[in-house]
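**Student:** Next come the chains, spelled out residue by residue.
There are 2 protein chains.
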Amino acid sequence: MKKLINKPEDVVAEELQGIAQAHPDLVRVSMDGPFYIVRADAPVQGKVGVISGGGSGHEPMHGGFVGVGMLDAACPGAVFTSPTPDQMLEATKAVNGGAGVLHIVKNYTGDVLNFEMAADLARAEGITVEAVVIDDDVAVKDSLYTAGRRGVGATVLAEKITGAAAEQRRPLAEVAEICRQVNANGRSMGMALTSCTVPHAGKPTFELGENEMEIGIGIHGEPGRTRMPLKTAAEITELLATPILDDLPFKSGDEVLAFVNGMGGTPLIELYVVYNELAKICKGRGIKIARNLIGPYITSLEMAGCSITLLKLNDEFTRLWDAPVKTAGLRWGL
Amino acid sequence: MKKLINKPEDVVAEELQGIAQAHPDLVRVSMDGPFYIVRADAPVQGKVGVISGGGSGHEPMHGGFVGVGMLDAACPGAVFTSPTPDQMLEATKAVNGGAGVLHIVKNYTGDVLNFEMAADLARAEGITVEAVVIDDDVAVKDSLYTAGRRGVGATVLAEKITGAAAEQRRPLAEVAEICRQVNANGRSMGMALTSCTVPHAGKPTFELGENEMEIGIGIHGEPGRTRMPLKTAAEITELLATPILDDLPFKSGDEVLAFVNGMGGTPLIELYVVYNELAKICKGRGIKIARNLIGPYITSLEMAGCSITLLKLNDEFTRLWDAPVKTAGLRWGL
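Just so you know, the sequences run in chain order A and B. Counting with our numbering, you get residues 1 to 334 for the letters of the first sequence. Counting with our numbering, you get residues 1001 to 1334 for the letters of the second sequence.
Next up, chain A with everything else stripped away, as it sits in the complex (with noise of 0.2 Å):
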């Protein structure tokens, strides 16, 4: 296993460290206690507050999230596994700021017990909770962790829009209706060349032939559809975007937000590559990308493969993309 690293027991708290240090302008992290990252002015009064959590190893998802426009809380677990529920409370608690608080949850039966649980504890406590969860996969029905579609890509999308929704004031109803529209008109599918390796485990999660990938992948090595000799990326790019197109399904006419996502160890240059083809497709069948975003931004550790994620937009979700955020791991206009 070849990781910069010290102790992988340490991983995950020596990166939060590291996170703590490196943006203190931006967040506070708190370790104490259960880890949980909130933005440095939280709790901000009379906002609802958007929280996130889930497995380490997805980075920057989803304490790279965490600032002035997007999260104001994150809970991270240790490496592929389920924050605990005791982080999101005290993460509950730390962003309320008297509006209530969102739940932004990727459809991992971990995750979704582990949120519902949170939730009634903070109500118990008096805050206002609403849940909404992310199962934008359109790779597999059921998985090795999920019940239902797993949450991927546009959950970074979501917690983009949803969080400019919650800066502006609205309230905690509206600001979850919005998450669940994201959901509703996101979907997204990826692929792996290579597997990667849970610092724990020392080992890969799986193998992949030298001429072998696999379609469908989960964001931690869960099975996908299918395996299958290397393809060229515009052959690719097809296998993933067809599934995607006819899922919705999108239509000629249709404005999207194309994401390209880097598994976290493909270079730049190949999603261009893919986001070069994906521009194709979308044209051949007379949707227009009208925004995007390429680079890796749910990872999986070191795998080396890619997903992409359309959003169907209307000009509330652009408007509250183009609003201003300003976190370690998205920011513009700020």
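Hint data in this document are derived by calculation from the structure and do not stem from the laboratory. Backbone N, C-alpha and C define an ideal beta-carbon position, used for all residues, glycine too. Warning: the hint list may mix true and false statements.
[To be verified] No farther apart than 27 Å at their CA atoms in a straight line, the calculated lysine-lysine pairs in the BS3-like style are these: (1) 283(A) <-> 251(A); (2) 1312(B) <-> 1326(B); (3) 1326(B) <-> 326(A); (4) 1231(B) <-> 203(A); (5) 283(A) <-> 1007(B); (6) 1203(B) <-> 203(A); (7) 231(A) <-> 1002(B); (8) 1007(B) <-> 231(A).
[Unchecked claim] The following residues of chain A were derived to be distant from chain B, with all beta-carbon distances above 12 Å: (9) 85; (10) 98; (11) 99; (12) 109; (13) 116; (14) 125; (15) 126; (16) 128; (17) 170.
Following the hints, complete the assembly by docking chain B onto the known chain A.
**Tutor:** Okay, now just chain B, sitting in the frame of chain A:
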């Protein structure tokens, strides 16, 4: 070779097509003649044009740094291959707004010779050109492609700081002097856990054993100082930081910008672990990290590893670093 590409010989052209389609608000990509990327509003009248360029495979550098507040143009060569003088000449002409043009050149023999030739050709056409060579890598004196030290991480910082000075409409001599001063006050060193594979070569540039790493490696896989068994992040950070700190030397009381760069295949979680170690080392020497940059900004395709750059700050560097920038690869304030 596992890559998200079509034909190896088309990688750079297709990447540029992807950039052109993704970022028309930021850049124009010229592909009819010699390849180059210029900011969308080039030439900006009365502003010094700032250009860089080099082999592809180091993305987002340099094309991802074209935009307001940073580069006016970038010339991408083939992967790990210097761009040609005609690319640099055409880019120079395209950004000439009457105030002269600065060439920021990483110290590799091919880049230096070709930029010199381009500068001569541009001068023959009546354009005032200055050039600054970046040579911040303390690892080795001479190397495979270089006489003297190689230009690495300080290039990113020089492009940002110099670009901000040009944006303020400072004259060419002043902009060039600021660039020289950044180089004079910046030091870097890198390391690799794995090799990378140049697309048209089809096999790894070098081999590293299962438990082996290389310290002092260049961004094209050029040999470094030494190969050794894999060490912890704390030990690796010490091996990189000590030669950097001792070289300038950085002294107690100094304020620095600390740049922890990923080589392309290393996930962000590990870069924050390294940053955490670097912060301890700097603190131990009485050096204050006043600004930082953490992520993959000057990469070596999918190589796993990292580099550290320290830049001794002064008030002017800090102000110019903080100035607004709007590029695909680096953005704040706009």
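**Student:** All hints, please: hold or fail.
**Tutor:** Hint by hint, here is what the structure shows:
| no. | hint | in the structure |
| --- | --- | --- |
| 1 | 283(A) <-> 251(A) | holds (11 Å) |
| 2 | 1312(B) <-> 1326(B) | holds (24 Å) |
| 3 | 1326(B) <-> 326(A) | holds (14 Å) |
| 4 | 1231(B) <-> 203(A) | holds (17 Å) |
| 5 | 283(A) <-> 1007(B) | holds (22 Å) |
| 6 | 1203(B) <-> 203(A) | holds (23 Å) |
| 7 | 231(A) <-> 1002(B) | holds (9 Å) |
| 8 | 1007(B) <-> 231(A) | holds (11 Å) |
| 9 | 85 | holds (23 Å) |
| 10 | 98 | holds (31 Å) |
| 11 | 99 | holds (28 Å) |
| 12 | 109 | holds (23 Å) |
| 13 | 116 | holds (27 Å) |
| 14 | 125 | holds (32 Å) |
| 15 | 126 | holds (35 Å) |
| 16 | 128 | holds (33 Å) |
| 17 | 170 | holds (25 Å) |
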